[in-house]
Amino acid sequence: MLLLKFGLTFPGMKRILIVGAGEVGYHLAERLSAEGHQVVIIETNTQKIKRLEKLNILAVKGSGASAKTLEEAGIREADLFIAVTNSDEINLISCLLAREYGVPRKIARVKSEEYLSPESPLNEEKLGLDLIVNPVRALAEEIVRLSRFSQLSDWEEFGGGQILLIGYQVRPKTALAGVKISDLMELRKLYAFLIVAIVRKGKTIIPRGDTILRPQDRVFLILKKKDLKAIEHLLGIKLAPPKKVFVIGGGKVGKLVAEQLEKEVEEVVVVETDLERCELLSESLSRALVLNVDGLEAQELIKEGLDRADLVISVTNSDTVNILSALLAKHYGAQRVIIRVDHPDFIPLLNPLGIDKTLSSRLVTSDQILRFVKSSRIFSVTSFLETMVEVEEIEVPPKRTFEEGVKIRELDLPEDTIVGALYRNGEVLIPSGETVIKSGDLLVIIGLRKGLSKVEKIFEL
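Residue numbers for the sequence shown follow numbering that gives the first Met the number 0, so the first one is 0 and each next one is one higher.
Keep in mind the hints are simulated off the structure, nothing from the lab.
Note that this is a predicted model, so its numbers are computed, not measured.
Built from N, CA and C at the ideal position, the CB exists for glycine as well.
Keep in mind that the hints are not guaranteed to be accurate.
[Unchecked claim] Between beta-carbon pairs, the in silico distance windows are:
id, residue 1, residue 2, range
1, Lys172, Gly432, 27 to 37 Å
2, Gln215, Gly101, 50 to 60 Å
3, Thr434, Arg144, 53 to 63 Å
4, Asn44, Tyr190, 45 to 55 Å
5, Tyr190, Gln334, 17 to 27 Å
6, Arg213, Glu185, 35 to 45 Å
7, Asp226, Arg307, 43 to 53 Å
8, Met184, Lys49, 24 to 34 Å
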């Protein structure tokens with residue numbers, strides 16, 4: 000509390016107030032406090048406050064909609080206010096109070112569509128909010144984005160779309176299976192790419208030269224977008240959009256996903272147990288087939304081609320149903336599965352079971368907020384939930400803690416980080432340790448989360 004009271008700060012440090020210590024609030028508090036920010040969290044639930052004891056933060060018991068509680072938490076000194084309780088009304092009222100106290104930046108998690116319309120009397124602009132995050136929309140948009148290529152588990156763009164980071168699973172008897180990283184130098188002369196992370200049996204590895212790639216490894220590569228098609232045979236996959244997609248669960252998330260995918264995919268099948276909901280889906284979807292069956296009734300789904308599905312997306316409100324339906328789909332021959340899981344402890348357990356991609360609406364929400372919170376020289380932040388891998392796209396600032404023209408190997412980067420790509424004057428470079436960096440360069444840096452916070456300190460971001 001002394002730091003807040005007497006205003007002791009360090010370069011780049013922010014005073015951040017978070018209302019709500021659920022999964023989103025806890026995740027934000029954990030990440031932001033680890034990066035050196037002064038974090039205060041406001042929560043009404045005693046058990047949730049007790050859980051915060053392991054974090055180096057101040058917790059205040061009370062409501063974010065109470066001016067008295069906000070005063071106790073140090074609202075007058077706050078640089079950033081984040082409201083992420085399960086109540087839209089508490090989030091909006093607390094942000095309105097933060098505005099009255101003059102907090103420069105305010106973020107709210109809002110689930111109701113009513114507040115998202117430009118015509119709403121309480122929309123983002125009229126409330127004076129800098130960011131509204133809707134967890135349903137955020138999750139649906141992420142699922143649709145990851146659906147574009149049926150054989151890639153991950154797909155991220157950097158450098159204005161000219162740099163790609165892709166994730167895929169190494170298959171037996173393909174060019175990379177059993178290969179040592181250092182032996183890829185000849186191939187890298189043909190294709191500019193870099194293997195920057197490996198997930199093996201649930202453990203994340205930042206590879207070295209002597210690391211050997213194994214079948215079933217989930218590998219992250221960074222490359223120039225223009226080289227993507229040429230690298231297909233090296234990876235042993237075909238980079239094509241899915242033709243047949245099943246969406247298990249026709250709730251809000253499933254409906255948004257199906258509405259978008261039926262514009263892009265040849266065949267979309269939506270599976271929903273509730274008859275009334277099926278009727279609503281049939282009215283709102285123009286091309287998708289809507290089935291009134293249980294997502295675990297494998298034989299019924301096989302009749303509609305589950306065994307030939309390029310992609311199965313399971314987004315019911317039940318973690319158990321999502322996990323089991325995905326495992327059934329893989330067992331019967333579906334090529335790839337994406338599932339929604341809201342219990343964070345399940346996430347690292349699922350990839351070794353054959354589930355290609357796991358997403359959480361809560362963690363997708365917190366990642367959107369983290370991107371907004373980062374320094375103006377950090378252009379994007381991407382987390383891979385099943386791993387400890389994170390990617391930051393940063394601009395090299397004017398000369399500060401290092402000499403102009405320093406080589407990457409001279410930067411004293413943590414062992415668990417890699418500079419995967421460099422974007423300079425419209426040109427993409429896949430660098431080596433000898434590559435010289437300059438002010439204004441855009442660097443794509445990949446690493447474990449603890450390492451990236453050290454990188455930010457090197458560049459004084």
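Hint by hint, here is what the structure shows:
1. Lys172 with Gly432: 27 to 37 Å: holds, 32 Å
2. Gln215 with Gly101: 50 to 60 Å: About 54 Å separates the Cβ atoms of Gln215 and Gly101, which means 50 to 60 Å holds.
3. Thr434 with Arg144: 53 to 63 Å: At 30 Å between Cβs, range violated.
4. Asn44 with Tyr190: 45 to 55 Å: With a Cβ separation near 52 Å, Asn44 and Tyr190 satisfy 45 to 55 Å, so the hint holds.
5. Tyr190 with Gln334: 17 to 27 Å: Taking Cβ atoms as reference, Tyr190 and Gln334 lie about 24 Å apart, which means the hint holds.
6. Arg213 with Glu185: 35 to 45 Å: violated, 20 Å
7. Asp226 with Arg307: 43 to 53 Å: violated, 31 Å
8. Met184 with Lys49: 24 to 34 Å: Taking Cβ atoms as reference, Met184 and Lys49 lie about 52 Å apart, which means the hint is violated.
Comparing the model with each earlier hint shows violations of hints 3, 6, 7 and 8; every other hint is respected.
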